[in-house]
Amino acid sequence: MDELIEIINDRSSGSEKLTQKVLSFVKNCYENGKDWKRYKDEIINAHPEMVQLKNVLDIVELFGEEIIDEINSKIKIWRERAIKNSRRLFRDEIRLLTISYSSLVFGSIIENMDKIIQVNVLESGPGFEG
Numbered sequence: 013m014d015e016l017i018e019i020i021n022d023r024s025s026g027s028e029k030l031t032q033k034v035l036s037f038v039k040n041c042y043e044n045g046k047d048w049k050r051y052k053d054e055i056i057n058a059h060p061e062m063v064q065l066k067n068v069l070d071i072v073e074l075f076g077e078e079i080i081d082e083i084n085s086k087i088k089i090w091r092e093r094a095i096k097n098s099r100r101l102f103r104d105e106i107r108l109l110t111i112s113y114s115s116l117v118f119g120s121i122i123e124n125m126d127k128i129i130q131v132n133v134l135e136s137g138p139g140f141e142g
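Using the working numbering, the letters of the sequence shown map in sequence onto residues 13 to 142.
Because the hints were derived from the structure by calculation, they are not lab data. A hint or two may mislead.
Said to hold, decoys possible - Derived lysine-lysine pairs resembling DSS-like cross-links, with alpha carbons at most 30 Å apart:
hint, residue 1, residue 2
1, 52, 86
2, 127, 96
3, 88, 29
4, 66, 49
5, 46, 96
6, 39, 66
7, 29, 127
8, 66, 86
9, 96, 49
10, 39, 29
11, 49, 88
12, 39, 49
13, 96, 29
14, 33, 88
15, 29, 49
16, 52, 66
17, 49, 33
18, 52, 33
19, 86, 96
20, 46, 29
21, 29, 52
22, 33, 46
23, 52, 96
24, 66, 88
25, 86, 127
26, 88, 39
27, 39, 52
28, 33, 86
29, 39, 86
30, 96, 33
Based on the sequences and whatever the hints tell you, model everything.
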C-alpha cells in the first residue's frame with residue numbers, strides 16, 4: 013500500500029502525472045486481486061482540486077480494468093497534440109510568465125524554445141498553494 017500512501021501524500025505532481033500514478037495503482041490492484049474501489053474516496057478526498065481523478069476512477073469503475081491502458085494512451089496522445097498545437101500560441105521573441113510548471117506547460121515551453129527569450133515560473137503547486 014506504499015503506492016496508495018504516496019498518491020495520497022503527493023503535493024508536487026501535476027494532474028497528468030497524478031492521474032497516471034492513480035491508474036497504475038488501480039491496475040496493480042486488479043492484477044493482485046485487491047479491491048481498489050475501497051480507496052476511491054480516500055484518493056479523491058486527498059486531491060479535491062483534481063476533478064479528473066474522480067472522472068477517471070468513475071470511468072474505470074464503469075468499464076473495468078480493460079479501459080486503463082486506453083485511458084493512458086489517450087492521455088499521451090492528447091498531451092502530444094496539445095504541445096504540438098501550442099506552436100500557434102507562441103509569438104516570436106516572447107517573454108513567458110507562468111504560475112504553472114505542469115508537464116504540459118513544460119512540454120510547450122520545450123516545443124517553442126526557438127520563440128522564447130525568457131521564462132519566469134512563479135511558485136506553483138497542485139494543491140492551490142502556488
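Cross-check of the supplied hints:
For the proposed pair residue 52 and residue 86, the alpha carbon gap of about 22 Å is at most 30 Å, so the pair holds. Only pairs whose Cα atoms come within 30 Å are accepted, and residue 127 paired with residue 96 is accepted, the gap being roughly 14 Å. Restraint check for residue 88 and residue 29: satisfied, since their Cα atoms lie roughly 11 Å apart, inside the 30 Å limit. Proposed proximity of residue 66 and residue 49 is supported: the alpha carbons are some 12 Å apart, at most 30 Å.
Using a Cα cut-off of 30 Å, the hinted pair residue 46 and residue 96 is violated, with the two alpha carbons roughly 39 Å apart. Pair hint residue 39 plus residue 66 holds up; C-alpha atoms about 16 Å apart against a cutoff of 30 Å. At roughly 27 Å between alpha-carbon atoms, residue 29 and residue 127 fall within 30 Å of each other, so this suggested pair holds. With a C-alpha separation of about 17 Å, the suggested pairing of residue 66 with residue 86 holds against the 30 Å cut-off.
Restraint check for residue 96 and residue 49: not satisfied, since their Cα atoms lie roughly 36 Å apart, outside the 30 Å limit. Under the criterion of a C-alpha separation no larger than 30 Å, the hint pairing residue 39 with residue 29 is consistent with the structure, at around 15 Å. For a cut-off of 30 Å, the pair hint linking residue 49 to residue 88 stands: about 25 Å separates their Cα positions. Using a Cα cut-off of 30 Å, the hinted pair residue 39 and residue 49 holds, with the two alpha carbons roughly 12 Å apart.
Distance hint between residue 96 and residue 29 is fulfilled; the C-alpha atoms sit about 19 Å from each other, no more than 30 Å. Of the pairs offered as hints, the one joining residue 33 and residue 88 holds, with about 14 Å between alpha carbons and a cut-off of 30 Å not exceeded. Proximity of residue 29 to residue 49 is assessed by CA-CA distance (about 20 Å); at most 30 Å being required, the pair is judged to hold. In summary, the hint linking residue 52 to residue 66 is supported, as the alpha carbons are separated by about 8 Å, within the 30 Å threshold.
Annotation: proposed proximity of residue 49 to residue 33 holds, straight-line Cα distance about 15 Å (limit 30 Å). Annotation: proposed proximity of residue 52 to residue 33 holds, straight-line Cα distance about 13 Å (limit 30 Å). Straight-line distance between C-alpha atoms of residue 86 and residue 96 comes to about 15 Å, which keeps the hinted pair within the 30 Å bound. For the proposed pair residue 46 and residue 29, the alpha carbon gap of about 23 Å is at most 30 Å, so the pair holds.
For the hint linking residue 29 to residue 52, the alpha-carbon distance of about 17 Å falls within 30 Å, and the restraint holds. A threshold of 30 Å between alpha carbons decides the hint, and for residue 33 with residue 46 the separation of about 17 Å falls inside it, so the pair holds. Proposed proximity of residue 52 and residue 96 is contradicted: the alpha carbons are some 33 Å apart, above 30 Å. The hinted pair formed by residue 66 and residue 88 meets the criterion: a straight-line CA distance of about 19 Å does not exceed 30 Å.
Proximity of residue 86 to residue 127 is assessed by CA-CA distance (about 28 Å); at most 30 Å being required, the pair is judged to hold. As the CA atoms of residue 88 and residue 39 are separated by approximately 17 Å, the hinted pair is consistent with the 30 Å bound. Distance check on the hinted pair: residue 39 and residue 52 sit about 13 Å apart at the alpha-carbon level, within 30 Å; holds. The hinted pair formed by residue 33 and residue 86 meets the criterion: a straight-line CA distance of about 15 Å does not exceed 30 Å.
Taking the CA atoms of residue 39 and residue 86, the gap is about 16 Å. The hint holds against a cut of 30 Å. The straight-line distance between the Cα atoms of residue 96 and residue 33 is roughly 24 Å, inside the 30 Å bound, and the hint therefore holds.
Checked against the numbered hints given earlier, this structure breaks hints 5, 9, 23; the rest are met.
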